[in-house]
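Asker: Just so we're aligned, residue 1 is where the sequence shown starts under our numbering, counting upward by one.
Simulated from the structure, these hints should not be mistaken for lab results. Owing to the predicted nature of the structure, the values given are computational and were not obtained by experimental measurement. We put the CB at the ideal spot given by N, CA and C, even for glycine. Watch out, some of these pointers could steer you wrong.
Unchecked claim - Label-pair ranges, simulated between beta-carbon atoms:
id, residue 1, residue 2, range
1, Gly29, Phe187, 23 to 33 Å
2, Gly118, Arg213, 34 to 44 Å
3, Arg195, Gln70, 43 to 53 Å
4, Glu121, Thr67, 13 to 23 Å
5, His60, Gly190, 37 to 47 Å
6, Gly79, Asp42, 26 to 36 Å
7, His60, Arg186, 24 to 34 Å
8, Tyr162, Ala199, 13 to 23 Å
9, Glu236, Tyr167, 31 to 41 Å
10, Arg135, Arg191, 22 to 32 Å
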Amino acid sequence: MTQIWGHRGARREAPENTVPAFRRALEIGVDGVEFDVQLTADGAMVVIHDETVDRTTDGHGPVVGFTLAQLRRLEATDGMDGFAGVGIPTLAEVLDVVAPAGVAINIELKNSVEAYHGLEERVLAAVEAYGIADRVVLSTFNHYSLKRLQELGAPSELGMLYTDPLYKPWRYAARLGVGAIHPPARFVMGRGYVRRAHAAGLAVRPWVVNGERKLARMIGWGVDAVFTDVPRLALEVRERLAPARA
Numbered sequence: 001m002t003q004i005w006g007h008r009g010a011r012r013e014a015p016e017n018t019v020p021a022f023r024r025a026l027e028i029g030v031d032g033v034e035f036d037v038q039l040t041a042d043g044a045m046v047v048i049h050d051e052t053v054d055r056t057t058d059g060h061g062p063v064v065g066f067t068l069a070q071l072r073r074l075e076a077t078d079g080m081d082g083f084a085g086v087g088i089p090t091l092a093e094v095l096d097v098v099a100p101a102g103v104a105i106n107i108e109l110k111n112s113v114e115a116y117h118g119l120e121e122r123v124l125a126a127v128e129a130y131g132i133a134d135r136v137v138l139s140t141f142n143h144y145s146l147k148r149l150q151e152l153g154a155p156s157e158l159g160m161l162y163t164d165p166l167y168k169p170w171r172y173a174a175r176l177g178v179g180a181i182h183p184p185a186r187f188v189m190g191r192g193y194v195r196r197a198h199a200a201g202l203a204v205r206p207w208v209v210n211g212e213r214k215l216a217r218m219i220g221w222g223v224d225a226v227f228t229d230v231p232r233l234a235l236e237v238r239e240r241l242a243p244a245r246a
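I would like the entire structure built from these sequences, with the hints used as guidance.
Answerer: As C-alpha cells, this is what we get:
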C-alpha cells in the first residue's frame, strides 16, 4: 500500500516545517512526515526548507548567518493567519513530536547549497539518541553526502533525491548503494518505472504529489509513498481506491 507522507508537515493547513504543521499531519493520520535540516551559525540543527529565512519568516538573510538565539526571535508563519508566535523549530523539537507517534520520518539534509560540515554526523547522532533508525529515511540532493552517510555506517535507509532527468535512475541508485529513489513526480513515467526500481531493490517515493488525479495515478502504479502538501486529500484518494486494489 502506498504510504502518505506529509511534505514539511501539513503545510497547507499550518506553516510548513513548524511544530503545528507536524502536529496537524499526525492528527490527519499520515503514515510519515518529511522535513529539512540545516545548521545555524552556532551549529544548532534547525528545521527549515529554504537556505534563507526570507520566504517563511519575518526575517531576512541566510539560515547559517543566524545563531539559534537570533532565529528564535523570528516568526515562521509563512504568511498564514492564526499562528502568531510560531517559530523555526530545532530538530529535537520536531523529533519530540513525531518520534513518539511511530510514523516514518524522512529527514532531508539540506546541504546542496551550504556545505554544513558535520551535518551528517550530527543527524545520525540525533537519530540514534531517539532510537528511531528503523523508521527514518535520510535523503539529500547531495550524493556525496549520501556516500558520507554510508561511510559513517548510517543504519537508516538512504534516499536519493534528484531534479534532472536521469536515464534508468534505478541503475545509478543501485550503484550508489541507496535504498530508495525520490524523484520529481513528473519523472515517474508509468507502472513499468516503478517495477524496474522495485526489481533493483529500491523504494520509489515521488515528490510533490498534490493533485487528485496525480495522487490516484501514483497510488495505482504502486509507488511506496508520496510526499504531499495535502495529506488529508491523499488519504481520501487512497481510501477511495482501496476497493479497486482489493
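Asker: Now tell me, hint by hint, if it's right for this structure.
Answerer: Structure-based check of all given hints:
no. : hint                        : result
1   : Gly29 x Phe187: 23 to 33 Å  : holds, 28 Å
2   : Gly118 x Arg213: 34 to 44 Å : holds, 43 Å
3   : Arg195 x Gln70: 43 to 53 Å  : holds, 49 Å
4   : Glu121 x Thr67: 13 to 23 Å  : holds, 20 Å
5   : His60 x Gly190: 37 to 47 Å  : holds, 44 Å
6   : Gly79 x Asp42: 26 to 36 Å   : holds, 28 Å
7   : His60 x Arg186: 24 to 34 Å  : holds, 32 Å
8   : Tyr162 x Ala199: 13 to 23 Å : holds, 19 Å
9   : Glu236 x Tyr167: 31 to 41 Å : holds, 35 Å
10  : Arg135 x Arg191: 22 to 32 Å : holds, 27 Å
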